[in-house]
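Q: Each chain is listed here by its residues.
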Amino acid sequence: MTAAQYEQFSNYAVASATGILALAFVAYVAQWGFARKIAPDRTLVTSSVDQHDSVLEPVERTSTDAQAERSDVAGGIGFSLTGLAWLVLLAGVITRGLSAQRVPWGNMYEFGCAATLMALTAYIVLVRMWAIDWVGPIITGFGTVVLGLSALVFVPPGPLVPALHSYWLVIHVLGAMIAGSAFLVGAAASVLYLVKARAERTTAEEDRVGFLWRIPPSAKIDQIAYRVHAFAFPIWTFAALIAGPIWAQYAWGRYWGWDPKEVWAFITWVVYAGYLHARATAGWKGKAAAIIALIGFATFVFNFVGINLFVSGMHSYAK
Amino acid sequence: MSSNAVPALGRREFTRWFWRQLTSMRTALFLLLLLAIAAVPGSLVPQRGVDARAVEAYFLEHPKSAPTLDKLGFFNVYTSPWFSAVYLLLMVSLIGCIVPRSFVYLRALRARPPKAPRNFSRLPASASFETSASVDEVITAGRRAIGRARVDVVDGELSAERGFLREAGNLVFHISVVVVLVGVAVGTLFGYRGSAIVTEGQGFANSLTQYDEFGSGSLFKADQLPPFSLKLDKFTAKFQALGSQQAGAPRLFRAQGTYTPKPGADARTFDITVNHPLEIGSTSVFLVGQGYAPVIKVTDANGDVVFNEAVPFLPNDPSYTSTGVVKVPDAEPEQLGFQGFFLPTAATGSDGASISVYPAAANPLLGLFVWHGDLGLDKGTPQSVYILDKSKMKQYKDGDKSYRVSLQAGQSQKLPNGGTIEFAGLRQFARFQISSSPGVKVPLIGIIAGLAGLVTSLTIKPRRTWIRARREGSRTVVDVAVLDRVPRDDLPADLDAFLERFRELLGETEEKHT
Numbered sequence: 001m002t003a004a005q006y007e008q009f010s011n012y013a014v015a016s017a018t019g020i021l022a023l024a025f026v027a028y029v030a031q032w033g034f035a036r037k038i039a040p041d042r043t044l045v046t047s048s049v050d051q052h053d054s055v056l057e058p059v060e061r062t063s064t065d066a067q068a069e070r071s072d073v074a075g076g077i078g079f080s081l082t083g084l085a086w087l088v089l090l091a092g093v094i095t096r097g098l099s100a101q102r103v104p105w106g107n108m109y110e111f112g113c114a115a116t117l118m119a120l121t122a123y124i125v126l127v128r129m130w131a132i133d134w135v136g137p138i139i140t141g142f143g144t145v146v147l148g149l150s151a152l153v154f155v156p157p158g159p160l161v162p163a164l165h166s167y168w169l170v171i172h173v174l175g176a177m178i179a180g181s182a183f184l185v186g187a188a189a190s191v192l193y194l195v196k197a198r199a200e201r202t203t204a205e206e207d208r209v210g211f212l213w214r215i216p217p218s219a220k221i222d223q224i225a226y227r228v229h230a231f232a233f234p235i236w237t238f239a240a241l242i243a244g245p246i247w248a249q250y251a252w253g254r255y256w257g258w259d260p261k262e263v264w265a266f267i268t269w270v271v272y273a274g275y276l277h278a279r280a281t282a283g284w285k286g287k288a289a290a291i292i293a294l295i296g297f298a299t300f301v302f303n304f305v306g307i308n309l310f311v312s313g314m315h316s317y318a319k
Numbered sequence: 001m002s003s004n005a006v007p008a009l010g011r012r013e014f015t016r017w018f019w020r021q022l023t024s025m026r027t028a029l030f031l032l033l034l035l036a037i038a039a040v041p042g043s044l045v046p047q048r049g050v051d052a053r054a055v056e057a058y059f060l061e062h063p064k065s066a067p068t069l070d071k072l073g074f075f076n077v078y079t080s081p082w083f084s085a086v087y088l089l090l091m092v093s094l095i096g097c098i099v100p101r102s103f104v105y106l107r108a109l110r111a112r113p114p115k116a117p118r119n120f121s122r123l124p125a126s127a128s129f130e131t132s133a134s135v136d137e138v139i140t141a142g143r144r145a146i147g148r149a150r151v152d153v154v155d156g157e158l159s160a161e162r163g164f165l166r167e168a169g170n171l172v173f174h175i176s177v178v179v180v181l182v183g184v185a186v187g188t189l190f191g192y193r194g195s196a197i198v199t200e201g202q203g204f205a206n207s208l209t210q211y212d213e214f215g216s217g218s219l220f221k222a223d224q225l226p227p228f229s230l231k232l233d234k235f236t237a238k239f240q241a242l243g244s245q246q247a248g249a250p251r252l253f254r255a256q257g258t259y260t261p262k263p264g265a266d267a268r269t270f271d272i273t274v275n276h277p278l279e280i281g282s283t284s285v286f287l288v289g290q291g292y293a294p295v296i297k298v299t300d301a302n303g304d305v306v307f308n309e310a311v312p313f314l315p316n317d318p319s320y321t322s323t324g325v326v327k328v329p330d331a332e333p334e335q336l337g338f339q340g341f342f343l344p345t346a347a348t349g350s351d352g353a354s355i356s357v358y359p360a361a362a363n364p365l366l367g368l369f370v371w372h373g374d375l376g377l378d379k380g381t382p383q384s385v386y387i388l389d390k391s392k393m394k395q396y397k398d399g400d401k402s403y404r405v406s407l408q409a410g411q412s413q414k415l416p417n418g419g420t421i422e423f424a425g426l427r428q429f430a431r432f433q434i435s436s437s438p439g440v441k442v443p444l445i446g447i448i449a450g451l452a453g454l455v456t457s458l459t460i461k462p463r464r465t466w467i468r469a470r471r472e473g474s475r476t477v478v479d480v481a482v483l484d485r486v487p488r489d490d491l492p493a494d495l496d497a498f499l500e501r502f503r504e505l506l507g508e509t510e511e512k513h514t
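Residue numbers (UniProt numbering), protein chains in the order written: chain A, 1 to 319; chain B, 1 to 514.
Hints were generated in silico from the structure; no laboratory data involved. Each hint should be verified, as a subset may be incorrect.
Among chain A residues calculated to face chain B with C-beta under 7 Å, some are [said to hold, decoys possible]:
| id | residue |
| --- | --- |
| 1 | Thr237 |
| 2 | Leu241 |
| 3 | Val270 |
| 4 | Ala278 |
Restraint ranges, calculated between C-beta atoms of paired labels, are given here [unchecked claim]:
| id | chain 1 | residue 1 | chain 2 | residue 2 | range |
| --- | --- | --- | --- | --- | --- |
| 5 | A | Glu200 | B | Gly147 | 30 to 40 Å |
| 6 | B | Leu60 | A | Glu200 | 25 to 35 Å |
| 7 | A | Ala3 | B | Phe30 | 35 to 45 Å |
| 8 | A | Leu309 | B | Leu60 | 22 to 32 Å |
| 9 | A | Ile291 | B | Ser354 | 47 to 57 Å |
| 10 | B | Asn363 | A | Ala3 | 28 to 38 Å |
Note that this is a predicted model, so its numbers are computed, not measured. From the three backbone atoms N, C-alpha and C, an ideal C-beta is built for every residue, glycine too.
Model the full assembly from the supplied sequences, consistent with the hints where possible.
A: Shown next, in the form of structure tokens:
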């Protein structure tokens with residue numbers, strides 16, 4: 001295929017993936033919707049009280065209720081569609097790279113696509129590992145929005161500006177994408193933790209109906225959020241505070257220069273460092289820590305969107 | 001708690017109280033979040049240390065708020081007293097945390113595993129089973145099942161502890177944060193950074209007067225500048241071709257020439273591109289910008305050539321619309337000053353004005369306004385070569401409008417006072433950043449060690465295991481309990497796996513009972 005054919009294929013693939021991911025989101029929302037009147041199984045309640053139950057085991061669903069069945073089917077469709085969107089997006093990102101003859105993350109559009117692909121990868125892997133399909137609506141909804149907004153900053157594939165001619169582009173941006181994907185999963189888990197923890201405090205036993213009571217108890221969600229963040233934080237440290245400065249030293253003659261992008265990468269790092277400390281501090285555990293994690297994710301997103309579009313700096317080619 | 005409920009503290013008690021507060025995790029956490037907030041303004045308003053020209057522009061755009069922001073240090077956020085206060089407090093808090101914890105850790109390294117608690121069922125995970133093996137066999141098998149750990153056996157009771165590296169990793173991480181900050185501080189104090197514009201055919205000698213911008217740490221002395229010199233022979237700039245996608249996007253910048261590491265040494269060639277600086281000792285020469293320097297030839301009213309030089313015009317936008325100033329102090333009868341723009345590829349815009357449509361020099365155009373009078377160069381105060389002091393000069397007029405010089409390459413134009421100005425040629429210039437940050441490896445090694453420590457502290461589980469075996473008739477009752485120093489949810493699963501291993505070593509296959 002020629003570069004132009006690859007380009008066209010990539011554009012169609014990314015657009016299709018956006019549509020499929022939107023459908024996956026709808027299916028996941030339906031999964032929650034269909035289950036809104038279902039009381040959880042007694043067995044599930046006992047296991048959720050039992051703190052010793054393992055995170056790694058998927059939530060038991062033995063209810064034979066028709067609604068529960070519909071909910072499960074919708075969830076299955078959601079996951080299958082997410083897998084399909086992943087596959088199509090993978091093809092789109094690869095052909096984008098083939099068309100441009102370089103790694104497909106040299107500008108904001110490409111980063112949006114590649115980072116969404118990475119986030120879906122992280123989600124699918126973690127669903128297999130820890131059965132976290134309950135963050136599906138957040139991940140697919142967020143992914144759809146990112147892909148949709150990426151289309152607004154679309155640029156045709158082309159060579160890179162001289163500052164990006166470096167293998168550090170591969171390392172630095174890949175690291176940022178992996179960390180960002182895990183931050184997204186962590187943020188999604190933190191949102192559900194806050195919702196669930198609040199519901200556990202305020203909802204009487206007999207009122208506990210709906211999908212919220214079919215997902216793991218808040219303590220387990222908190223554990224998963226912590227693990228994902230504990231994975232992401234060292235990678236973010238590497239991408240933003242090691243690979244970035246090394247490259248900056250070669251490209252700009254200083255390893256750290258308080259460029260707006262650097263400032264916000266630092267802020268993200270500091271906030272997530274705060275999260276890790278908060279989880280070990282009395283009075284900050286739980287709710288406050290989860291809120292700090294969400295602030296951390298907000299700073300990450302702001303660095304990608306706000307700083308790229310509204311603030312000029314050395315990273316301005318990222319537009 | 002109301003303030004009057006607190007008894008007055010003596011100075012010593014207060015110091016101790018203050019120190020305890022400062023080094024508490026809560027304070028460290030608060031300072032961390034405060035540091036994040038304090039860093040924000042520096043990304044939203046321009047910073048003097050990053051882009052001094054942007055700060056000047058900000059003052060022009062916001063004449064009311066800018067002076068107030070300036071007083072608050074918003075244009076030097078990262079060196080401002082309040083930002084420094086936050087991170088210095090954080091540093092002190094960090095050190096105040098590291099030092100006592102290091103001593104605790106050193107003691108813990110020598111300590112024996114704690115004795116088994118009486119009641120295992122109170123621990124987060126415990127189990128018991130019976131076996132026909134003897135107490136000694138049980139303890140031996142238990143020791144093997146635990147694997148690498150510090151183990152004590154007293155009277156049929158086994159206590160084991162492992163995962164000491166977690167706290168080591170934790171300490172390494174926090175110490176390395178201090179190392180990084182100290183390394184950065186040293187590099188800043190003893191380092192320097194400056195930028196200089198060098199036009200093709202011209203040279204640069206590494207002394208203070210040759211720099212356009214120069215900044216150095218407070219412990220750096222100008223006579224420490226390494227005495228190298230360089231000469232730029234050729235500058236190559238390539239842009240994405242017109243008519244293609246992303247037309248005008250830069251593709252290659254390359255500066256070639258020769259340099260002499262120190263006076264008297266042999267000249268060597270250099271080839272600097274973006275991402276590939278020239279290293280001379282501890283100093284690096286980076287290519288950070290480029291632009292055009294039209295060669296301007298001015299003949300005065302007497303017919304003498306009073307100016308014939310390449311004048312760098314500084315680019316303002318991606319299509320290299322550039323502005324510059326020409327000062328001709330030797331012109332007779334009056335000094336002349338020119339100010340205007342240079343367009344590498346000029347085209348007529350929709351409003352009739354000339355604009356640059358492409359960054360390469362396909363259709364270069366020079367447009368200048370002319371002033372005559374006193375350039376103010378003799379006053380002794382240093383002047384920027386890019387700013388024309390018009391306080392003692394008058395602009396030439398053409399009727400109501402300003403008199404204007406408009407030249408394509410090779411063209412010349414008569415001046416109102418009788419002389420001529422000629423656009424005699426076009427050269428390119430490179431903007432080099434020359435910098436040295438001594439000890440740059442210190443923060444690098446620091447942060448890599450820190451990352452290793454971080455991963456260690458996040459992955460290693462510090463675990464205590466106890467096994468108690470006692471003989472009851474012909475059977476041995478074995479109680480097992482595990483405790484993690486950091487609460488984790490996978491403890492029961494781990495206990496099950498451990499029991500399986502343990503019982504396998506004992507040759508047991510029957511189901512456990514609790």
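Q: Each hint should be assessed against the structure and marked as holding or not.
A: Tested hints:
no.	hint	in the structure
1	Thr237	holds (5 Å)
2	Leu241	holds (6 Å)
3	Val270	holds (4 Å)
4	Ala278	holds (6 Å)
5	A:Glu200 - B:Gly147: 30 to 40 Å	holds (38 Å)
6	B:Leu60 - A:Glu200: 25 to 35 Å	violated (57 Å)
7	A:Ala3 - B:Phe30: 35 to 45 Å	violated (54 Å)
8	A:Leu309 - B:Leu60: 22 to 32 Å	holds (24 Å)
9	A:Ile291 - B:Ser354: 47 to 57 Å	holds (55 Å)
10	B:Asn363 - A:Ala3: 28 to 38 Å	holds (30 Å)
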